[in-house]
Amino acid sequence: MTEKEVSITINGETKTAEVEPRMLLVHFIREIAGLTGTHVGCDTTNCGACTVIMDGRAVKSCTILAVQADGKKITTIEGLSKTPGKLHPVQKAFVDKHGLQCGYCTSGMVLTSFWLLNKKKKVSEEEIREAISGNLCRCTGYESIVDSIEEAQRNLEKEGEYTEEEIPVRRGR
Amino acid sequence: MMPPAFEYYAPTGVDEVIDLLEKYGDDAKILAGGQSLIPLLKSRITAIPYLISLSGIKDLSYITESSNATRIGAMTVDSDLEYSDTIRKRYPILMDALGKLADPLVRNMGTVGGNISHGDPSNDLPAVMLALKATFVARGRGGNRNIKARDFFLDTFTTALEHDEVLTEISIPVWKEHSGGSYVKFEKGTWNFSVAGSAVQLRLENGAVVEAGIAITSMGPKAMYIPEAEDYLLGKKFHKSVISEAADIVVEKSQPSPDTYGSVEYKKNILKRITMEALENAFRRSGGVK
Ligand SMILES: Cc1cc2nc3c(=O)[nH]c(=O)nc-3n(C[C@H](O)[C@H](O)[C@H](O)COP(=O)(O)OP(=O)(O)OC[C@H]3O[C@@H](n4cnc5c(N)ncnc54)[C@H](O)[C@@H]3O)c2cc1C
Ligand code: FES
Ligand code: FES
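Top to bottom, those sequences are chains A and B.
Note that the working numbering gives residue 165 to position 165 of the first sequence, counting from 1, and the numbers run on in steps of one.
Note that the working numbering gives residue 229 to position 229 of the second sequence, counting from 1, and the numbers run on in steps of one.
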């Protein structure tokens, strides 16, 4: 099979590589860019452990070909905080409100939450639960995750960090 | 899980897509959002030697409104419809379906054209398009061809699209005043697909039905519309006995098969309940419930 040259900008850095067309985006991120914060859980589009932000939308990177992401901008968990050593307000909320136990689902949960909270100001508990319906957690029972996202909303309000110029999120309802 | 190896093309025009489909014949398939196709490839249920992506074509993603129709580009992703004021204002039935379709992350990748072209009897948008009496535009070697939604779904994973045709546009008529619709879906488990779904669109004059569209999901080999129930409703006003009888007709015409979701009897019970709910919502949204 003919390999394809693919350039993907991940957390502001452009990676170019020749890849087989069947390579999945999650493997490009983990194996070529070397960023292992993005996880593979189910590998069947159910669990959301592989969630990343692509051109402003939270998507499942195990169900996208790397060639489909050619020329696109990706944010992974490693790129969320702009200051080394400092957590992003959404990450901090997950720590403070015990939104994780084993941590396997966490990078995906945090990115989906980031997407939700930047897409729409003031979300209800119901909207939070609906937004994470494609992200499964086998540990927490979700209550502390919902608490974390509500806390994240308060953090973002306080710190006025809603408009992330560097990580634009497509706005919508 | 790696899909079996394939060659990948992402041409910038529909005509090049048609060229490639003709050149590689049955070995080639279109890739849209990939949210049905990539899982099928990864699990090796299917192998496709030549994948032709529509993602390089710039002008297939749009929602435009005119006084008599709403036109949606085939590559418009589900969530763009969800956030569209036009769709929210004109088609509550579609908003019902989108809110329950897969999950928000899948809706950020999956396209409207892919949901329809896949011909999956469990996909939600086909029944909604049947109820709304939409028309699809297919582009092939000879140019554009209009296909009514009602002539489009032929069998499981089989549609009226020719192998070398691309679905480019979905056109939904504007339903005039005193109309409204609803989609009610009964889902089970985390996989989101429905045990059954029921789509109802009505238009009333003086409280009585003058036009109806009724279609169902996951209750037969394909998305099915039910003309007998539509005809029954003509001239009728809202009443519990009317919606119960209409739902009975829908159940009678449905063709569910037993599977891990439940027996035929179980599915028919579900269908009766959700169809009554969709009918009542549709009457209410068209202003027909006092
Ligand atoms: C976990 C999960 C849950 C889901 N739950 C639901 C659900 O509840 N309801 C629901 O409706 N769907 C559901 N889906 C399916 C999802 O909506 C898919 O996005 C949709 O079925 C296909 O759209 P796509 O753009 O991803 O198409 P693809 O997967 O890229 O393509 C699907 C098929 O359509 C053909 N095709 C695509 N576009 C065109 C075109 N323009 N012209 C001609 N042929 C074309 C392709 O060749 C292929 O055969 C789910 C998917 C997943 C992974
Ligand atoms: S690993 Fe991608 S959805 Fe589970
Ligand atoms: S913290 Fe373990 S899966 Fe969510």
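Source of the hints: derived by calculation from the structure; they are not laboratory data.
Misleading hints may appear alongside valid ones.
[Said to hold, decoys possible] With a straight-line Cα cutoff of 30 Å, these simulated DSS-like cross-link-like pairs (lysine-lysine) come out:
| hint | chain 1 | residue 1 | chain 2 | residue 2 |
| --- | --- | --- | --- | --- |
| 1 | B | Lys29 | A | Lys122 |
| 2 | B | Lys89 | A | Lys120 |
| 3 | A | Lys72 | B | Lys29 |
| 4 | B | Lys100 | A | Lys73 |
| 5 | A | Lys119 | B | Lys29 |
| 6 | B | Lys240 | A | Lys73 |
| 7 | B | Lys240 | A | Lys97 |
| 8 | B | Lys237 | A | Lys73 |
| 9 | B | Lys89 | A | Lys119 |
| 10 | B | Lys89 | A | Lys4 |
Please read these numbers as outputs of a predicted model, since none were measured by experiment.
Exercise. Against which earlier hints does the structure fall short, listed by number upward?
Worked result: 1, 5, 6, 7, 8, 10
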